[in-house]
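**Q** Going down the list, the sequences are from chains X and V. Take the first sequence: its position 67, counted from the start at 1, is 67 in full-length UniProt numbering, and no numbers get skipped. Take the second sequence: its position 296, counted from the start at 1, is 296 in full-length UniProt numbering, and no numbers get skipped.
Don't take every hint at face value.
In silico DSSO-like links for lysine-lysine, alpha-carbon gap of 30 Å or less [as the list claims (entries may be wrong)]:
#1 V:Lys142 <-> V:Lys122
#2 V:Lys214 <-> X:Lys157
#3 X:Lys346 <-> V:Lys309
#4 V:Lys346 <-> X:Lys365
#5 V:Lys246 <-> V:Lys225
#6 V:Lys292 <-> V:Lys379
Honestly, the hints are just simulated from the structure, not real lab data.
Number of protein chains: 2
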Amino acid sequence: MKAEIIAVGTELLLGQVVNTNATFLSEKLADMGIEVYFHTVVGDNPARLEELLQLADQRSELIILCGGLGPTDDDLTKNVLADHIGVSLVQNAAGLEALKAFFAQRQTTMTPNNLRQIETLKDGIPLPNRTGLAIGCLYKGKKNNYILLPGPPSELKPMFIEQARPLLEKEFPTTEKLTSRVLRFFGIGESKLVTDLADMIENQTNPTIAPYAKPNEVTLRITAKTEDEASAKALLDQAESEILAKVGEFFYGYGEENSLVEVVVDLLKENNLSLTAAESLTAGEFQATLGKIAGVSEVFPGGFVTYSKATKASFLGIDSGLLEREGVVSEACAKAMAESALVLAKTDFALSFTGVAGPDELEGKARGTVFIGLAQRGKTTIVTENHFSRDRSYIRHSSVMKGLDMLRRSILNKI
Amino acid sequence: MKAEIIAVGTELLLGQVVNTNATFLSEKLADMGIEVYFHTVVGDNPARLEELLQLADQRSELIILCGGLGPTDDDLTKNVLADHIGVSLVQNAAGLEALKAFFAQRQTTMTPNNLRQIETLKDGIPLPNRTGLAIGCLYKGKKNNYILLPGPPSELKPMFIEQARPLLEKEFPTTEKLTSRVLRFFGIGESKLVTDLADMIENQTNPTIAPYAKPNEVTLRITAKTEDEASAKALLDQAESEILAKVGEFFYGYGEENSLVEVVVDLLKENNLSLTAAESLTAGEFQATLGKIAGVSEVFPGGFVTYSKATKASFLGIDSGLLEREGVVSEACAKAMAESALVLAKTDFALSFTGVAGPDELEGKARGTVFIGLAQRGKTTIVTENHFSRDRSYIRHSSVMKGLDMLRRSILNKI
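Can you build the whole structure from these sequences, using the hints too?
**A** And the structure:
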């Protein structure tokens, strides 16, 4: 199926917002075997959007429109598409309930323009919005098919993955199915991974192997094209074992929506273990990352943010002499932070983070120098010295990911 | 002048690369008063690119092509454009010198395909590439004008700013310039803001007013089209004061790249005030948000993550009887958390966050119920009861933003 993606929004044409939606959708559609031939961005202008729809009808079977489903007058995508197809707009009952509940809970008055958000194309399949208010739609026409998605990525992504993708797979089944498996790696860069797997990647036919670099991790998507599930599984198993024979040391889990923190929290839960943290340069980012996981309270009672030298001493009781002598960017400080936190929080593990997020150096240590401590009940504390690169934000994220990986390996008795 | 931007590259259509070039160029062109009506991405396919050029000729006076100027077979943008216009390609002498010097310095042999990079359109104005090898071009046609730029942003950006922009200003002088000002709002939704400003937005001509919803905030971009800076400033000042007369209560700062946390950290620094936090449902996200700002250590010594009831008692010394009697999702708990943190961290302000991030309810309180405490040295503690919506992640982000706004208003003596 030939597809194209149309993003609607003057803010994109003014350079205020990057069109990451087109990138996200293209990656997902490519995985489904749907070929994307064009991306277009058009402003909040009905005539130009209609012109574009006429062109798209001639060249694509699936036309995905993103943005312009909101409550304001310049949100006109739905109206233009309805006129283009020649159908009316109808209110979506479930969306209306959600909208009313939203304003009731906020205890604020709903202005009438909000009702625009829950209108959808008559005879279209409404796509509920789990993370926002505007309802999406899949409309199957005689020749062309249309999908309407909201502009904010936090709404578009879950709506596509949870609603639109399963519907597309059901409504437009292919005899040869694509089955994918995603392997996730930490601690190896994309170029190294690709070099280590060069033979496999160069000779790939079925399954195909696609690496994607993400912040501080790399994923490999293996995709088999088969007629049945059993053959797909056999092909994927075979490829996976070849891959893990080469780079298994860095593999930490499966799945597109998985993450290192989820793997670690699951390991803690399965083994009935608990964790605290004392954070300096990460300033709470490690604990906030744990907090993303619902139910983490089972394994995480809380911890400390000791950003200054004074709070390292007062909150954790670290000897001021040690802090003066060794400096805060030191193995000794990381060790003391982790060991104090372990005792104070009465947990099985404690991670500590101390280092230089930048932009400037600290105590003569270069930006990116980070000591990460892992104290363990009844075992020797481990401290790693790391030299991360890029900017402040990336250094803090690298620290969080490395801490999670140290813990994962420790639970698995790998270190 | 009407313009459009065409990015050429199959990697963009596969979702492997984000089209940040279009965003960059759009922002720069908007500043020059050149209106961009379309962005398009097309793959490395001569027929589809030619089709697109025919369309672009009908709707745009300036057509900017990015990508596909390199040495490999799929770099075909220049050839397709030359055929489209009906001119030949010629070698650029300065580019050839630079190419030869590059390979001499690397002490490697130049393969013949590299010569493709220094070809340019006959009668076009070559654009030298300071950070790469491929030569760009500005071609002035009878009706349409074309600019060829390389795909890598590290080459495209300097070539546009240093070569293409001055040429455009010289070849197509304009009398009217666009000047923008961005106003940022917290505590008011996009639909409410637009309703409150309906008269202004409906009757806008010059300046124009464009609202944009971001997570937990709204920005308004006011753009004036004038011949000189003084008239632009007068128009923007007038519009701003009309806007602030209506929704000034929610205005917190200026600028595309600004944020509520930056405004708050600046206020703390300017007033020589310090801050700590005790976080339950946000689990460190508030403090991690502070940690994003370089130099925040001046005003933020650290704080607590008290996720469990036990750590609320042990880290902060909150009376267990209070926690049992009132529950952790309570005004009393938020008050006690903030007041304890203030004493322990010896700061001027302490924020506390306790509530229900979800997905499940807690202590009979609905998901989204969040108490935020603000303790202040020598003043009465304030606690707000909030009912946030959407998912776990959004509820936590809403809490962080509300806490920042409470602090901002308190510093400004607004509450």
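**Q** Determine for every hint whether it applies to the structure shown.
**A** Against the structure, the hints come out as follows:
1. V:Lys142 <-> V:Lys122: Answer holds: lysine 142 (chain V) to lysine 122 (chain V) is near 15 Å, not above 30 Å.
2. V:Lys214 <-> X:Lys157: holds (16 Å)
3. X:Lys346 <-> V:Lys309: Holds. Lysine 346 (chain X) to lysine 309 (chain V) sits at ~13 Å (cutoff 30 Å).
4. V:Lys346 <-> X:Lys365: holds (29 Å)
5. V:Lys246 <-> V:Lys225: Measuring from Cα to Cα gives roughly 24 Å; hence the hint holds.
6. V:Lys292 <-> V:Lys379: Measuring from Cα to Cα gives roughly 29 Å; hence the hint holds.
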